[in-house]
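Asker: Below, each chain spelled out in residue letters.
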Amino acid sequence: MALSDRVKQIMSWYGSDTPGVRANLVRMLNHGNLAGTGKMVILPVDQGFEHGPVRSFQPNPEGYDPEYHVQLAIDAGCNAYAAPLGFLEFVADRYAGQIPLILKLNNSDTLAKVDQPCSAVTGSVRDAVRLGCTAIGYTIYPGSGQRNTMYQDLRQLILEAKDSGLPTVLWAYPRGAGLSKEGEQAVDVTAYAAQISAQLGAHVIKIKPPKDHIEQAEAKKVFEKYNISTKTLSDRVRHCVQSSFNGKRIVIFSGGEAKDTPALLDEVRELAKGGAFGSIMGRNAFQRPKAEAVKLLHDVMDIFRKA
Amino acid sequence: MALSDRVKQIMSWYGSDTPGVRANLVRMLNHGNLAGTGKMVILPVDQGFEHGPVRSFQPNPEGYDPEYHVQLAIDAGCNAYAAPLGFLEFVADRYAGQIPLILKLNNSDTLAKVDQPCSAVTGSVRDAVRLGCTAIGYTIYPGSGQRNTMYQDLRQLILEAKDSGLPTVLWAYPRGAGLSKEGEQAVDVTAYAAQISAQLGAHVIKIKPPKDHIEQAEAKKVFEKYNISTKTLSDRVRHCVQSSFNGKRIVIFSGGEAKDTPALLDEVRELAKGGAFGSIMGRNAFQRPKAEAVKLLHDVMDIFRKA
Amino acid sequence: MALSDRVKQIMSWYGSDTPGVRANLVRMLNHGNLAGTGKMVILPVDQGFEHGPVRSFQPNPEGYDPEYHVQLAIDAGCNAYAAPLGFLEFVADRYAGQIPLILKLNNSDTLAKVDQPCSAVTGSVRDAVRLGCTAIGYTIYPGSGQRNTMYQDLRQLILEAKDSGLPTVLWAYPRGAGLSKEGEQAVDVTAYAAQISAQLGAHVIKIKPPKDHIEQAEAKKVFEKYNISTKTLSDRVRHCVQSSFNGKRIVIFSGGEAKDTPALLDEVRELAKGGAFGSIMGRNAFQRPKAEAVKLLHDVMDIFRKA
Amino acid sequence: MALSDRVKQIMSWYGSDTPGVRANLVRMLNHGNLAGTGKMVILPVDQGFEHGPVRSFQPNPEGYDPEYHVQLAIDAGCNAYAAPLGFLEFVADRYAGQIPLILKLNNSDTLAKVDQPCSAVTGSVRDAVRLGCTAIGYTIYPGSGQRNTMYQDLRQLILEAKDSGLPTVLWAYPRGAGLSKEGEQAVDVTAYAAQISAQLGAHVIKIKPPKDHIEQAEAKKVFEKYNISTKTLSDRVRHCVQSSFNGKRIVIFSGGEAKDTPALLDEVRELAKGGAFGSIMGRNAFQRPKAEAVKLLHDVMDIFRKA
Amino acid sequence: MALSDRVKQIMSWYGSDTPGVRANLVRMLNHGNLAGTGKMVILPVDQGFEHGPVRSFQPNPEGYDPEYHVQLAIDAGCNAYAAPLGFLEFVADRYAGQIPLILKLNNSDTLAKVDQPCSAVTGSVRDAVRLGCTAIGYTIYPGSGQRNTMYQDLRQLILEAKDSGLPTVLWAYPRGAGLSKEGEQAVDVTAYAAQISAQLGAHVIKIKPPKDHIEQAEAKKVFEKYNISTKTLSDRVRHCVQSSFNGKRIVIFSGGEAKDTPALLDEVRELAKGGAFGSIMGRNAFQRPKAEAVKLLHDVMDIFRKA
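Chains as they are written, first to last, in my numbering: chain A, 49 to 355; chain V, 49 to 355; chain F, 49 to 355; chain D, 49 to 355; chain R, 49 to 355.
To be clear, the hints were calculated from the coordinates, so they are not data collected in a lab. Just to be clear, a hint being listed does not mean it is correct.
Since the list gives no way to pick one copy over another, a pair counts as held whenever it fits inside one copy or between any two copies.
[Stated by the list, open to error] When the alpha-carbon atoms are kept at most 27 Å apart in a straight line, the in silico DSS-like pairs for lysine-lysine are as follows:
hint	residue 1	residue 2
1	K229	K161
2	K161	K268
3	K279	K307
4	K161	K259
5	K161	K321
6	K229	K354
7	K354	K269
8	K296	K56
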């Protein structure tokens, strides 16, 4: 498939990467219903590890089966499907080449209590290559006392991934003793996390929809001095996208907790209006019956296509 | 030996693995009295390290001798025999090729008091290859503050094992400061541990028979909302098997503390009814006189064969 | 470009380095408006990572775009442009060969609260080579309980950098539980940090303009006994330059917080009078409108050229 | 020298080892006065490091000289001489081939106060090979919170040693916060430490003579239920030897603190009666005048030979 | 230069070392005014790093310049010159082959407050080779809770150094939470530190002149029982030399704090009388005017030559 002008423009921002990394980035941009638009909707299913199986899959028990999710991503025309090692190993052989796979290289469970959270590295770049993946995924927790461990493990993985022709999708979730609970989704903190991600060399950055709260006193002064609007979600999204190399890095947003369809589509409209490159939508997709999920994902894609 | 339909079905779930890893998985499924049934009964003898020699072997002092156990596993027609480095080194030369051996790569003793338990890595994949083993074994303690160390050491070992054509049998024993004592065998926690094991890339998962307790408040809501029955052991086993990729990973159960034969066989019947792929039975086997132990293991195998 | 006598003299201090490292040092000394003078003005832009995007770039929003900064450095005739991985990757392909690039290999954000600060290693020497950089940059925090980690990571990076023909620019910022807040810029501490940097093998040392305060009691006695003047900034700069192998290492000074132009130029005059080899000027440059910034940088260069 | 039946029997327990490792084990069993008996008396001199020079060597000042000890071991006809790197380097060239040397790879001094003891690794397998050693030695402290570090370092060293054809002699000294002072030599703890050593892959296990105390409540129940006698030292030794793979690992005992000759020989008689494979005797040997020491070691050897 | 009988005797103690390591040891013993005597006076200049530049160099400001020190060492006829990476890199090219250089591989500054001191590794064996050094230098702090880290890093460096033909000079400075302030220079502790150094494989051991204090209760009993005199410095030096393999390791003493010339020469006379192999003299040398320093060093050498 030839490159659209928009995809060419996006790819011009990644000029220092090797043709191998660039090819895999194009594969994600040119796959599924949004192919060629420069927008992305990704299905991520790491909740079995992160929240446990019953909370994740009981609402739609078909989801206990790893095959269900990759098929959902294909049927819905997503750009890519992201999951931990076990889920991808289960499907990689039979689904080889049917949809870009992102191997999430670190994961965290909720069984241990820790003040300074840190995901465990549970997969390797060699696994991603072996399984025919298109990218690696990784999560950082800015604000955690363990952040340096996560940044430094990432540094090594991102270097190996680039050597193997794989771009990096980075989940940036601020949390830890350095932040208030409300501060985890504060607009300044979210934008800061996006900036850190871009500086660490991520190709695609995933953040949460920022809330109308400013956490850091020094940042608050600047927001006030320059009258930066944070009232609407689209305002806040715009600030985060700007904070990601002036919109020249692919920034996508998570859907967060399960919610009803109208509320979710409203939120997506705000994301799109603010300049988001897309969504990464897990629980809101796979916890619905399949037909509903496909319909929802199509509706989301339509919003981004028209943005 | 040709593959039975059930073994073919099971092997279809491990399609991303190399022929080398698959061959060793087949070797375990096609060995002993349960060969070809897709069920497994494994004899594990790591209690000398984990609980000390006198508690483990005095009830049947023949067990002080490493040769006793491998011979018991052969005589009883087990699918495999699992032990730490020393025990396997003692027998590997003379018993080469007679029964699949699983080298347990980490172990923990009870002489030190620690809040956040972590087994020491006491063997290597190269040892497993050198000793002609069919698989590696490894223990994780979800719930421990040291869980990331265990998950990450496993990540490296599982990668090396796959490179050497060896599948991984994972003991998942939740414990540590994140859990109440009762919570260590709670049904939600056990199912969660099975899910984590599957996501980490384990080929065979070993968990404890779950008890009728739910540890995590968030999980409790879901069990209640969806009326998931946890009353009988078979109900709880069914949930754990479902939580292991919808029953598409081999999940076996430990026998736990020594108990009398009728109680033990009742438990095994519940395991089998709930969809367990088999049992891993140590103390209940080797602490009985040999003839009794063989009889017991045969009875257990019969229950699984007929399930 | 032939070497001026001054550059020859400076290069005579680095005689144990390989021709590769020496060539890159010459490249920086012979680039831009100050080429051949032995003086250096460098534009560093790591504030997006260190202080967050809004505080760094909102005052002049063109700075959200990574391309803005490298172009500013070129337009102003700086000797080099320094930034973290993400910013350099964004421009390295299109600006290859146009200005010496310094890859800052470690960075710290303000989202986590820690007593003993330590920057995370966020890039590698291989990245610097891949991106065509002329030097690596690194930050140490003498005074931190984590200093050994930083010194030892640096030891490894500096060794790799020398093997790859890259000199090292070292940011020496005393901070941490070992120092009072005032002590972080004390003249004795700043001079000590410069000495440590030189002993660690740095080629270019960057320190903050020292203040008229002496932190360590043992040092205070010596300043008093030998009547070492610390009254003017030029006095204090002179002591720091002397403390850097008697002025035989390149020592440059940061501009610190944004301030008005006359105050800033006064400070630079004092730096130059004290023997500084130049300035590294970030926020004071890129937070002004571009024309003003270029004018300011030119004025700064003029002061150093005439010193 | 041809193998005696007893040595053949012992060697049959180490059948999974390479010919190289087996050859070195035979070298120790076939050296000195006890050659061919399957018994071993080893001279270990690490007390200079472990307790300091004055306490170790002043009682017989000839012992300050490293050459004294290796000559004592040769003159007394010991099976092997064990010492840290420095002591072995001092003599390895001149004494090459005259007596099997065991390089003790970790050591601990008494100058620092720590709750969770851990010996430092002070030598490497490559040193052992370079110095022509016959085996490596290593100390573990079961009961210490640092035990995993020691077990894991050992795992690596034992693997390297096997690759280099070197067997491992393991000093198993329970201590640390997990144990009471009395518990360090309790019979259950000593037997447990021997079992751990055997499981870790040690070829020769060195433990202390166990005392008539049971530390662990769970173990106490078993000793009582099965009426295991712990009254005489020979009873307790028998239990420890049984706990070492039913007597199929070479288990030797330390002499402990210096004491008078009759008491010491009484103790050795009890060790021999209980099935000990020999003694490792340091201070009781080298702190006596040489002639006395040789006489004592000969008497000890006689006891073991006749056992 | 042919070997004197004394140098031959000394070299006979290092017979297990490779010809390469032995050659470099000879180079130090056969260099300068004391060549061939078996005695050594070394100039060490790491105080810029350890105490800061102003305290170290202001008393004789020529010392700010790295070139000053190596020239002083040459002019005074020292056996060797020891310094950290930066100082050696500054002079290695121009002074190649003129005097043996010792690269001090770890260093500590006084800017951070720590209870358990540990020097940072600031150079590598590859640096030592690259700079044409004759030996590596390293500091251990017995008594510190971090001692194992230092011993283990040393183990690796000493192994690499031996592979590169470089002997090791070990600074043994007891300190840390395990010792009282007075205990840091206690005679038992100093002798113990020398023994540890020798056991770790050091070729040359540097300790402080021991004071008339005994720190460890167990050691005190032995000193008293055997009437070991500790009254004069020469008595205490003799004990330390004896504790270093009965005088068969090269043991040299530091000069400590700056003091007046007669006091210093008196101390040196005691060192020589006690059997010291020489002195390592920093501040007492380079803080004096050059002519005085050369005179002093010559006087010190004379004392050792005549001893």
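Asker: Which holds for K296 with K56 at a C-alpha limit of 27 Å: within a copy, between copies, both or neither?
Answerer: within (12 Å within a copy, 43 Å between copies)
Asker: Indicate which option fits the pair K161, K268 if close means a Cα-Cα distance not exceeding 27 Å: within, between, both or neither.
Answerer: between (32 Å within a copy, 18 Å between copies)
Asker: Up to 27 Å between alpha-carbons, please classify K279 paired with K307: within, between, both or neither.
Answerer: within (21 Å within a copy, 31 Å between copies)
Asker: With 27 Å as the alpha-carbon cut-off, assign the pair K354 and K269 to within, between, both or neither.
Answerer: The answer is neither: 36 Å in one copy and 39 Å across copies each exceed 27 Å.
Asker: Checking K229 and K161: alpha-carbon separation at most 27 Å within a copy, between copies, both or neither?
Answerer: Answer is both: 16 Å inside a copy and 15 Å across each meet the 27 Å cutoff.
Asker: Are the CA atoms of K229 and K354 at most 27 Å apart within a copy, between copies, both, or neither?
Answerer: Answer is neither: 35 Å inside a copy and 53 Å across each miss the 27 Å cutoff.
Asker: Tell me, please, which holds for K161 and K321 at an alpha-carbon limit of 27 Å: within, between, both or neither?
Answerer: neither (38 Å within a copy, 35 Å between copies)
Asker: At most 27 Å between alpha carbons: which applies to K161 and K259, within, between, both or neither?
Answerer: both (26 Å within a copy, 22 Å between copies)
Violated hints for the displayed structure, listed by number in ascending order: 5, 6 and 7.
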